[in-house]
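S.K.: Each chain, written out:
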Amino acid sequence: MSLLEVRDLAVAFGRTRAVDGISFTLSEGETLGLVGESGCGKSTTALALMRLLHGAELHGSAIFGDCELLRLGETAMRAIRGAQMGMIFQDPGTALHPLIRVGDQVSEVMRAHLGISGEEARARSLELFRKVGIAAPEQRLRAYPHELSGGMCQRVMIAAAIACSPRLLIADEPTTALDVTVQAQILELIRAISRDARMAVILITHDLGVVAGLTDRVAVMYAGRIVEVATTDRLFAAPGHPYSRGLLGSLPKLDSGWNEELPTIPGSIETAAGAGGCRFAPRCPLASEICRNEPPLMAIGEGRFAACWKAS
Amino acid sequence: MVRYLFNRLGQSAVLLIGVSIIGFALMHLAPGGPLAVYTLNPTVTAQDIERVKHQFGLDQPVYVQYFKWAGGLVTGQWGYSFFGGRPVSAIVLERLPATFELMGSSLLLALIIGVAIGMLAAVRRNSILDYATATAAMIALSLPTFWFGLLGIFVFAQTLGWLPAGGIETTGGGGFADRMWHLVLPMLVLAFVLVAQWSRYTRSTMLEILGQDYMRTARAKGLRPARVLLAHGLRAALVPLVTLAGLQLPLLVGGALVTETVFSWPGMGLLFVNALGTRDYPVLMAILMVGALVVVLGNLLADVIVALIDPRIKLGHV
Numbered sequence: 000m001s002l003l004e005v006r007d008l009a010v011a012f013g014r015t016r017a018v019d020g021i022s023f024t025l026s027e028g029e030t031l032g033l034v035g036e037s038g039c040g041k042s043t044t045a046l047a048l049m050r051l052l053h054g055a056e057l058h059g060s061a062i063f064g065d066c067e068l069l070r071l072g073e074t075a076m077r078a079i080r081g082a083q084m085g086m087i088f089q090d091p092g093t094a095l096h097p098l099i100r101v102g103d104q105v106s107e108v109m110r111a112h113l114g115i116s117g118e119e120a121r122a123r124s125l126e127l128f129r130k131v132g133i134a135a136p137e138q139r140l141r142a143y144p145h146e147l148s149g150g151m152c153q154r155v156m157i158a159a160a161i162a163c164s165p166r167l168l169i170a171d172e173p174t175t176a177l178d179v180t181v182q183a184q185i186l187e188l189i190r191a192i193s194r195d196a197r198m199a200v201i202l203i204t205h206d207l208g209v210v211a212g213l214t215d216r217v218a219v220m221y222a223g224r225i226v227e228v229a230t231t232d233r234l235f236a237a238p239g240h241p242y243s244r245g246l247l248g249s250l251p252k253l254d255s256g257w258n259e260e261l262p263t264i265p266g267s268i269e270t271a272a273g274a275g276g277c278r279f280a281p282r283c284p285l286a287s288e289i290c291r292n293e294p295p296l297m298a299i300g301e302g303r304f305a306a307c308w309k310a311s
Numbered sequence: 000m001v002r003y004l005f006n007r008l009g010q011s012a013v014l015l016i017g018v019s020i021i022g023f024a025l026m027h028l029a030p031g032g033p034l035a036v037y038t039l040n041p042t043v044t045a046q047d048i049e050r051v052k053h054q055f056g057l058d059q060p061v062y063v064q065y066f067k068w069a070g071g072l073v074t075g076q077w078g079y080s081f082f083g084g085r086p087v088s089a090i091v092l093e094r095l096p097a098t099f100e101l102m103g104s105s106l107l108l109a110l111i112i113g114v115a116i117g118m119l120a121a122v123r124r125n126s127i128l129d130y131a132t133a134t135a136a137m138i139a140l141s142l143p144t145f146w147f148g149l150l151g152i153f154v155f156a157q158t159l160g161w162l163p164a165g166g167i168e169t170t171g172g173g174g175f176a177d178r179m180w181h182l183v184l185p186m187l188v189l190a191f192v193l194v195a196q197w198s199r200y201t202r203s204t205m206l207e208i209l210g211q212d213y214m215r216t217a218r219a220k221g222l223r224p225a226r227v228l229l230a231h232g233l234r235a236a237l238v239p240l241v242t243l244a245g246l247q248l249p250l251l252v253g254g255a256l257v258t259e260t261v262f263s264w265p266g267m268g269l270l271f272v273n274a275l276g277t278r279d280y281p282v283l284m285a286i287l288m289v290g291a292l293v294v295v296l297g298n299l300l301a302d303v304i305v306a307l308i309d310p311r312i313k314l315g316h317v
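These protein sequence lines are chains D and R, in that order. At position 202 of the first sequence the residue is numbered 201 (numbering that gives the first Met the number 0), and the sequence of numbers has no breaks. At position 253 of the second sequence the residue is numbered 252 (numbering that gives the first Met the number 0), and the sequence of numbers has no breaks.
Honestly, the hints are just simulated from the structure, not real lab data. Heads up, a few of these hints could be off.
What the hints assert, rightly or not - Some chain D residues well away from chain R (every beta-carbon gap over 12 Å; in silico):
| no. | residue |
| --- | --- |
| 1 | R100 |
| 2 | R110 |
| 3 | S148 |
| 4 | C290 |
As the list claims (entries may be wrong) - Listing some non-contacts, in silico: residues in chain D with all C-beta distances to chain R over 10 Å:
| no. | residue |
| --- | --- |
| 5 | F12 |
| 6 | L98 |
| 7 | I99 |
| 8 | E119 |
| 9 | K130 |
| 10 | H145 |
| 11 | E259 |
| 12 | K309 |
Said to hold, decoys possible - Distance windows between CB atoms, simulated:
| no. | chain 1 | residue 1 | chain 2 | residue 2 | range |
| --- | --- | --- | --- | --- | --- |
| 13 | D | T15 | R | L15 | 30 to 38 Å |
| 14 | D | G13 | R | P224 | 22 to 30 Å |
| 15 | D | S267 | R | R123 | 35 to 43 Å |
| 16 | R | E207 | D | N292 | 43 to 51 Å |
Built from N, CA and C at the ideal position, the CB exists for glycine as well.
Just need the whole structure built from these sequences, with the hints factored in.
M.R.: This is the structure we're talking about:
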């Protein structure tokens, strides 16, 4: 039984299509990584699912439980946001309100959705602060964001996002703005919470290292399209799409020589936005005549799909 | 905090001394003088003028006059008006309530309406409402106040006869209702311009805030739009808005020169205009110093309130 089923989701800002017909499903309790370089449409996808985009045209469908997210009225959508779908953002320093005590920023979600008293919400916030590993939670409830470190702030954001026990947590580059040591702690926290609460997670990142340790499956995005979906193990073992191969190939390896140049994918994403055909073709080492036709997402093995004529 | 206030008040004292010196000097540099009106009067002889000059101490060097006046200011002796001879402090105290009534009511009105319009315009950016209020504000800010005042008098007092054309109450005195009735027109004229300022300022402030990450977080939490806008948006806007309010506080005592003149409103503004005409140095200097004092206190008050709203601001470093 899938929790979220996205079909042909497209997001257009005027004539620009930031997301161009993507489809994926997410099971109850599953963790899906959404990977790709900057501007490929990962964050736009997340914001479209939360219906937080202004002035964007949404096409396709996204069934969450038994709701069609893209056609839900604003009031009904509001009841889902924060309650059934929680979201955390890239920079916890700016995502928290600077003038409101962090405890109140967590409490207000519960007061909005659960109809509980301020007293009760405070008590639950304290519990949540303990759960996300904030030391001295009683004092921290009364702190302001500028008095906390970036990692602490992200823990507060997580506490607010999971306060109403949502069925889906969308984490948009949750560790990008944090120190490397803190990154691991935050990822471990997300993993533990999602496992304990059987909460599905969409983890958006450009960092394949983040995906490797945390996700069950990975969807690789390129220029507004999903080019490959596979279980995390299989993707790392044998990437099917040339773009995925390029991404994995450009990771630094422990055993590579100190003076070896890091492999890169030639070209840039701008040159890919052209007319028809495979969008990766201009940068693809395998491109040939057939790539002038756009490849659909095809099964290339058990639970593996790639949008490439030459995928194996 | 106490130390901070102490420091700021110390700085303010230095500032006020500077203002008093410059104000006093400028006033005495201006051509003419309090006795200029008598020079054309055939019944007043040159000896008379010399005698009055001596009485008022105007024949002494300017710096001597300054120290005499400044000494009096500190000890509460603000001197006497050159015209009528009443104590300056009594004249100012008598005028303050009228100005306070007019400016207080129009500032309050402008604050409420202006902030509301500004927020609506920011939320519905590029809507008809946004363009309409922008145009109205542009008109209010570009046309002179006296023209609005005269237009108001012409329409509501002269033509329709709904409201009195000026004054603070019916001659001979009326009740509370009579005072309010007289207040309406000058208050609205003043508020019109102030609303324009406040709505524009609020709009640009809110636009900046609406684009902030924490506003997206608030919406992602599924909060009601009113809560997102007020508890999160307006809260963040309070800091710049309070600062602007602090800057406008001096209007409360300084009054509005033009509006008070047009509506013969017996406040500080009208007093200042009249005192300027007759070069009534003691009265002018008193108004100047009271105004300067409120500017300084208004800013200090705004800084303290802002520090209370924004925990990131720590008072103590001056």
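S.K.: Does each hint hold? Answer for all of them.
M.R.: How the hints compare with the structure:
The claim that D:R100 lies off the interface is violated: its Cβ sits roughly 9 Å from the closest Cβ of chain R, which falls inside the 12 Å cut-off. Distance check for D:R110 against chain R: the nearest CB is about 9 Å away, which does not clear 12 Å, and the non-interface claim fails. Look at D:S148: its CB is around 15 Å from the nearest CB on chain R, clear of 12 Å, so calling it non-interface holds up. Listed as outside the interface, D:C290 is consistent with that label: its C-beta sits roughly 38 Å from the nearest C-beta of chain R, beyond the 12 Å cut-off.
Non-interface call for D:F12 relative to chain R: holds, since the shortest CB-CB distance, roughly 16 Å, exceeds 10 Å. Separation of D:L98 from chain R is inadequate, the least Cβ-Cβ distance of about 6 Å not exceeding the 10 Å criterion. The beta carbon of D:I99 is not kept farther than 10 Å from every beta carbon of chain R, the shortest such distance being approximately 7 Å. Residue-level check passed: D:E119 sits 17 Å from the nearest beta carbon of chain R, beyond 10 Å.
Listed as a non-interface residue, D:K130 keeps its Cβ farther than 10 Å from every Cβ of chain R; the least gap is roughly 18 Å. At the 10 Å boundary, the C-beta of D:H145 falls inside the reach of chain R, the nearest C-beta of that chain being 5 Å off. In this structure D:E259 is separated from chain R by more than 10 Å, as the shortest Cβ-Cβ distance comes to about 39 Å. Remark: the non-interface label on D:K309 is consistent with the geometry, its nearest Cβ contact in chain R lying 40 Å away (cut-off 10 Å).
Restraint check, D:T15 to R:L15: a C-beta distance of roughly 59 Å breaks the suggested window 30 to 38 Å. The hinted window of 22 to 30 Å between D:G13 and R:P224 holds, with their beta carbons roughly 25 Å apart. A C-beta distance of roughly 39 Å is found between D:S267 and R:R123, which places it inside the suggested range of 35 to 43 Å. Taking 43 to 51 Å as the suggested C-beta distance range, the pair R:E207 and D:N292 conforms, at roughly 47 Å.
Hint violations for this structure: numbers 1, 2, 6, 7, 10 and 13, all remaining hints satisfied.
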